[in-house]
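Engineer: Kindly generate the complete structure, drawing on both the sequences and the hints.
Protein sequences appear in the order of chains X and Z. With the numbering used here as the guide, the letters of the first sequence map in order to residues 1 to 338. With the numbering used here as the guide, the letters of the second sequence map in order to residues 1 to 294.
In case anyone wonders, no lab produced these hints; they're calculated from the structure. The reader is advised that the hints may include incorrect statements.
Listed next, the in silico EDC-like pairs over lysine to aspartate or glutamate satisfying Cα-Cα at most 16 angstroms (straight line) [as the list claims (entries may be wrong)]:
| id | chain 1 | residue 1 | chain 2 | residue 2 |
| --- | --- | --- | --- | --- |
| 1 | X | Lys136 | Z | Asp113 |
| 2 | X | Lys136 | Z | Glu52 |
| 3 | X | Lys225 | X | Asp205 |
Okay, the calculated bits of chain Z under chain X, using three or more residues with CB under 8 angstroms as the criterion [unchecked claim]:
| id | segment |
| --- | --- |
| 4 | 34 to 41 |
| 5 | 47 to 53 |
| 6 | 120 to 128 |
Backbone N, C-alpha and C define an ideal beta-carbon position, used for all residues, glycine too.
Spelled out, the chains give:
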Amino acid sequence: MADIPAIEAEGLAKRFGATQALAGIDLSVAAGSILGLLGPNGAGKTTAVRVLTTLLRPDAGQARILGADVVAQAGEVRTHIGLTGQYAALDDYLTGRANLIMIGQLGRLSHRQARQRADELLERFDLTGAAGRAVKTYSGGMRRRLDLAASLIGRPEVLFLDEPTTGLDPRSRSVMWEIIRELAGAGATLLLTTQYLDEADQLADQIAVIDAGRVIAAGQPEELKARIGDDRLALELVPGADTAAAAAVVTAYAAGPVSALASSPGGGGPQISAQVTRRDGITTEVVRALDAAGVPVTSVTLRRPSLDDVFLTLTGSLAVDPQPAPGPALAEVTGGAA
Amino acid sequence: MTTSTLPVTTGGRSAPDAGAPRGGALRGGALRWWISDVLVLTQRSLARIVREPETLMDVTIQPIVFVLLFAYVFGSAIAIPGGGSYREYLIGGMLGMGIAGTAPGTAVALVTDMSTGLIDRFRSLPMSRAAVLAGRTVADLLTQALGALVVAAVGLAIGWRVHTGIADTLAAFGLALLFGYAFTWAGACLGMVLRSPEAAQQLGFILFLPLTFISNAFVPTQGMPGWLQAIANWNPLSALAAACRHLFGNPDPAAAVQVWPMQHPILTVLLWSAALLLVFAPLAVHLYRRKSLA
Numbered sequence: 001m002a003d004i005p006a007i008e009a010e011g012l013a014k015r016f017g018a019t020q021a022l023a024g025i026d027l028s029v030a031a032g033s034i035l036g037l038l039g040p041n042g043a044g045k046t047t048a049v050r051v052l053t054t055l056l057r058p059d060a061g062q063a064r065i066l067g068a069d070v071v072a073q074a075g076e077v078r079t080h081i082g083l084t085g086q087y088a089a090l091d092d093y094l095t096g097r098a099n100l101i102m103i104g105q106l107g108r109l110s111h112r113q114a115r116q117r118a119d120e121l122l123e124r125f126d127l128t129g130a131a132g133r134a135v136k137t138y139s140g141g142m143r144r145r146l147d148l149a150a151s152l153i154g155r156p157e158v159l160f161l162d163e164p165t166t167g168l169d170p171r172s173r174s175v176m177w178e179i180i181r182e183l184a185g186a187g188a189t190l191l192l193t194t195q196y197l198d199e200a201d202q203l204a205d206q207i208a209v210i211d212a213g214r215v216i217a218a219g220q221p222e223e224l225k226a227r228i229g230d231d232r233l234a235l236e237l238v239p240g241a242d243t244a245a246a247a248a249v250v251t252a253y254a255a256g257p258v259s260a261l262a263s264s265p266g267g268g269g270p271q272i273s274a275q276v277t278r279r280d281g282i283t284t285e286v287v288r289a290l291d292a293a294g295v296p297v298t299s300v301t302l303r304r305p306s307l308d309d310v311f312l313t314l315t316g317s318l319a320v321d322p323q324p325a326p327g328p329a330l331a332e333v334t335g336g337a338a
Numbered sequence: 001m002t003t004s005t006l007p008v009t010t011g012g013r014s015a016p017d018a019g020a021p022r023g024g025a026l027r028g029g030a031l032r033w034w035i036s037d038v039l040v041l042t043q044r045s046l047a048r049i050v051r052e053p054e055t056l057m058d059v060t061i062q063p064i065v066f067v068l069l070f071a072y073v074f075g076s077a078i079a080i081p082g083g084g085s086y087r088e089y090l091i092g093g094m095l096g097m098g099i100a101g102t103a104p105g106t107a108v109a110l111v112t113d114m115s116t117g118l119i120d121r122f123r124s125l126p127m128s129r130a131a132v133l134a135g136r137t138v139a140d141l142l143t144q145a146l147g148a149l150v151v152a153a154v155g156l157a158i159g160w161r162v163h164t165g166i167a168d169t170l171a172a173f174g175l176a177l178l179f180g181y182a183f184t185w186a187g188a189c190l191g192m193v194l195r196s197p198e199a200a201q202q203l204g205f206i207l208f209l210p211l212t213f214i215s216n217a218f219v220p221t222q223g224m225p226g227w228l229q230a231i232a233n234w235n236p237l238s239a240l241a242a243a244c245r246h247l248f249g250n251p252d253p254a255a256a257v258q259v260w261p262m263q264h265p266i267l268t269v270l271l272w273s274a275a276l277l278l279v280f281a282p283l284a285v286h287l288y289r290r291k292s293l294a
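Structural biologist: What follows is the structure, given as structure tokens:
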């Protein structure tokens, strides 16, 4: 029993009209670990979660939760899982407490058990003060917390969190992170989807990078980061500056190839970017060296690798198209509304 | 594998039910859980009414307006074949309209539900699938019962009286609510087919208005053109109105109409109710499953 993966998927495929939302996904999540499903909008994350939580039937492939098939044994799967979707799945007109009690009872708790559990969760998620208010009066962060509480009321062994922090302010986000860590520490198996590399890095034991319905990379955060590389140094030069000279200067500090663009997307001057292995003092040194070489600089930034960098490295194209193609974007919309 | 893994209590306190595998409750007692699910969801729908009582306008204000409008404005120009008071005639028809009139509301509520994430939550729980629809229709039945009481009260106020016994009176209300409940499932189907609450509201109105007016609910059919008479006499709402009038001992000109449903209004309503339930309840459940599984 202990050897069965908590979540297992083989060749999951799902098509919505002309859009192939899932094109053969394989996943395996060991019990008690956290999988971060990382990908841009429309990559198929939500569709994957919906298939794994029995909300959608896959066109092909298989998935099992604690050994139970999500299609053939959907009823049993539902006794093991908790789901927190992208949009708070709550009744706006009920109070926070009434929502939890209702969901607890529908999740096969007795009224007394549901009430008791609701009060525990309200306290844990710092919602006791708002428990008697209708949910439509809640702030975004409160709704998310209540939504997460609702998915925990039946003590699920496997928890799915679909973009749990999207749209949250930084403080609510860090509260959510803390809760997720605590849940994992208590032994639950979690699958969380995110568009943020740092979030997956912070929370997940394993990351699966998903793009156009496929897993394009999977591994521990460290392995993935090693593949993606180091911090990025980005420079913008004064328009008309000597790009070649600047690139030559930066190469001395770079850990890999230096890229140079003749102009910035926003209409600014030339851009130089490169991966660097260290952070301390490097921006000062580069600016001094460029100054010495007579190249005027408009701005210099040092940043962590982003999801874009992950995709640039893994697929050679940007994750988020500035003008999203209707296809992939539609996949998640359809998946949500279907 | 532990069955209970998420201690969300602070400071290591754990609930007394910790460790109870919740799957265990699934075995046996399926019917008991089904009833429990329906009750929980009925309660949910009623809780919304308590918070927003204005959602009850279609079974409170609306029938009062209609009764007053017809009793005092149109009624003065309507003659009852065979004689009798129009106000007494009116209430039997009004009862059916007030009750069946909640069906568009059923559609609107379900479309609204389907468009939120809450239905996904329900579907990820080990609960009965059909309970979502059943809970809604049971809640609507209760609002229909309230509507029936409002119609009766305003009727009594304008001079409507029952001339039979308590058993016949209860039978009339029971028949109206049975038909109303069956009709609610037609509204549920509409709610499963449409995409927006606005569309449900409008289409419900467009379908419902002719259904109530091309009947004997407000006007005896004898004065209608022949072809319209045929439609009106076979309209189930005509049978319901005739059955209620008959049971209340109110003027019932339909008894003189030589068409089978008007000669057997009670049986007609029973048959219609059974047919509506047999067709629309399974259809609504089927549409719900299909819609949600995509």
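Engineer: For each hint, tell me whether it holds in the structure or not.
Structural biologist: Hints versus structure:
Of the supplied pair hints, the one linking Lys136(X) and Asp113(Z) holds, its CA atoms being roughly 15 angstroms apart against a limit of 16 angstroms. Restraint check for Lys136(X) and Glu52(Z): the C-alpha separation of about 13 angstroms stays at or below 16 angstroms, so the hint holds. Using a Cα cut-off of 16 angstroms, the hinted pair Lys225(X) and Asp205(X) holds, with the two alpha carbons roughly 13 angstroms apart. Counting residues of the segment 34 to 41 of chain Z whose beta carbon lies closer than 8 angstroms to any beta carbon of chain X gives 4, which meets the minimum of three for the stated coverage.
Evaluation of the coverage hint for the segment 47 to 53 of chain Z: fulfilled, as 4 residues show C-beta separations to chain X shorter than 8 angstroms, against a requirement of three. Restraint check on the segment 120 to 128 of chain Z versus chain X: 8 residues with Cβ-Cβ distances below 8 angstroms, three needed, restraint holds.
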